[in-house]
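Given chain B, work out where chain L should sit, using these hints.
Number of protein chains: 2
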Amino acid sequence: MSGDIETFKKRIQELENELSQYKEQRNVRQKIASMSAEVVDSNPYSRLMALQRMGIVKNYEDIRSKSVAIVGVGGVGSVTAEMLTRCGIGKLILFDYDKVELANMNRLFFQPHQSGQSKVEAAKGTLQNINPDVEIETYNYNITSVENYDNFIKILQTGSLTNGPVDLVLSCVDNFEARMTINSACNELNQIWFESGVSENAVSGHIQFLIPGETACFACAPPLVVAENIDEKTLKREGVCAASLPTTMGIVAGFLVQNTLKYLLNFGTVSHYLGYNALLDFFPTMNLKPNVNCDDLSCRERQKEFALKPKPVVEAVVEEETGDLHEDNEWGISLVDETQPTEEDKSTYSEGVRAAYTLPVDSSPSTDTDIPKTDLSLEELMAQMKSI
Amino acid sequence: MSGDIETFKKRIQELENELSQYKEQRNVRQKIASMSAEVVDSNPYSRLMALQRMGIVKNYEDIRSKSVAIVGVGGVGSVTAEMLTRCGIGKLILFDYDKVELANMNRLFFQPHQSGQSKVEAAKGTLQNINPDVEIETYNYNITSVENYDNFIKILQTGSLTNGPVDLVLSCVDNFEARMTINSACNELNQIWFESGVSENAVSGHIQFLIPGETACFACAPPLVVAENIDEKTLKREGVCAASLPTTMGIVAGFLVQNTLKYLLNFGTVSHYLGYNALLDFFPTMNLKPNVNCDDLSCRERQKEFALKPKPVVEAVVEEETGDLHEDNEWGISLVDETQPTEEDKSTYSEGVRAAYTLPVDSSPSTDTDIPKTDLSLEELMAQMKSI
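Those protein sequences? They're chains B and L, same order as listed.
Start counting the first sequence at 243; every next residue gets the next number (this note's numbering).
Start counting the second sequence at 243; every next residue gets the next number (this note's numbering).
It is possible that some hints are incorrect.
[Said to hold, decoys possible] In silico lysine-lysine, PhoX-like type, Cα no more than 20 angstroms apart, as pairs: (1) B/Lys252 x L/Lys252; (2) B/Lys252 x L/Lys251; (3) L/Lys251 x B/Lys251; (4) L/Lys252 x B/Lys251.
Treat the hints as calculated values from the structure; they're not laboratory data.
So that you can see chain B by itself, here it is in the shape it has in the complex:
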């Protein structure tokens, strides 16, 4: 009988040891009160605080006071959340209503053992483990439904660390309806936000910076579905599974967070639009001015407010001849080129407009080193989109 007890005791000891090994893998990192620049292996912020010594950022620790809302925690949103968490952002607010599936394992972040969990809860667990200093709030719902929209608006207005509006909204959703919902909310709240997207064929993507009244809103540049009032669902091809790659999604998340850091910490130049064509490693940039006839009432109101604001005095800028782009096109959108490319480069800038609506761009494998010569004006592009 005492032999039995010894066996039990031994078994309990074994199990406790094994369990403590698993437990040790959790929460080894304690919370840290302030960001230190001390160069020791145990300091998770030394390489970020070094940005000050290198002259890149004036006060890196400001990041701890910033709150960012991320809508969509999929291939782009999850990596975006991880990057901001590792950068030591003050607070993240995550919105998604989807579950983790094994079919998501071709992108970064989620792991097979999280299959079946809600994306926001699974993400919170991983992120909190990586950096317990970040406050993480999650909403496991669809922002496009009427009752959730009101709550969504409220969270954006009061979600900061001081119960004020969030500093930035990042759209990482995969459908048009959710983008339009974020657009309406941000126009209504006068909330600055970034849009992001990856094409269905996985080899192009973009980010776009939206300042209500100052830059084009998502409704200002109407894609096919808006212009023609088509139900988005009828556009999706039956049984078609969109392709995706961890590379393209990781790069788009990288662009999004890099520009978020530049905006929040006030360094470098924030891109108004940055596209990525993976087949050619081509990166179109542009500025989109708001459409005075935009369908979104709040957008038109913000435009009026912006027009009345005193502008900072800047040196005269000589505008480049835009050639193939018509300033007074029927959509009322003007494209202002920032990088002054050659005529050949310019023609492909329209592609950005296509990418913005996540329709696939020309995807035929190509070994051509030239930039494709699809000479399209915005009208021609719209005509082409209508003919699809």
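Below, chain L without anything else, positioned relative to chain B:
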């Protein structure tokens, strides 16, 4: 006494339950014999196989026969390994001799509980858990020491799934000596490879494609340390901790793996050089021809072999006037511009040469939207580097 035994039994049951919960989080994903394109939530390859249906890749499953060696499993190398693992690469061979530290937590991939583990072992654990179909081999040593170099060479020659040479070598190291070692090995073995790097100020990076004899090798374009025969260690500033960002490193890893996929699966255009300037979202590209007077004997031999090879008949290409770049400069390097930018863009292409040696580029915070006008020829650049 029997009460005691019941208590023991209950405790054992409790511990076993708790332990099984932890164990369930591991290895939930079983090995899969072949890549299916079936669109079900449980298929981890459906979104990758969709690249075929979308017309991007002819035979995606070819990736399962490919072997890639990654040298350096830090901020760029670890994300590179994760992306390739999620893409379903056949085999990964990882080289590193470093340990995971909390100071690495500002980059993607490693987690706090892995602190103290060797980078290659920690990486293997995570990667195998993400995708058990990938074969992962690790070498926890410094490739630059004499005895390890011989083994390194042997692994590159025999490391493929069929015991032949690996398909590609990816350099993700953070120092000049290791890059020169990889360069020597690849020139000797006639092994195609990619170089990658991120600057010390964290806001620029690059990838470079190296085909022995056909493109410039790492010794062809001599940075300051080679040209002046300076010991690299004397260049590193005392007590200076390099800055790093998860964004820049994730983007460089994304460019590296995207171009790896294009090369291995034969789609799109593989960039010979792709730079990234995070402050301006500027992406210089160029071609670097080999230096006929390269110090590396194997490089000169590969150049002779390449000169004798029959070339594919291509249409005549009209070369752009390179203006500020001297074709016959003292380093024997010619820069061939691929994207035909304006004169202003062109001037900053030299920055790519600087970034290649991971010296920081101009890092003063700037809100200027213009491309900086540092008009430098390669000689002027070298002169400037010498004066640092």
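Hint check results:
no.: 1; hint: B/Lys252 x L/Lys252; in the structure: holds (15 angstroms)
no.: 2; hint: B/Lys252 x L/Lys251; in the structure: holds (12 angstroms)
no.: 3; hint: L/Lys251 x B/Lys251; in the structure: holds (10 angstroms)
no.: 4; hint: L/Lys252 x B/Lys251; in the structure: holds (12 angstroms)
When each numbered hint is compared with the structure, no violation occurs for any of them.
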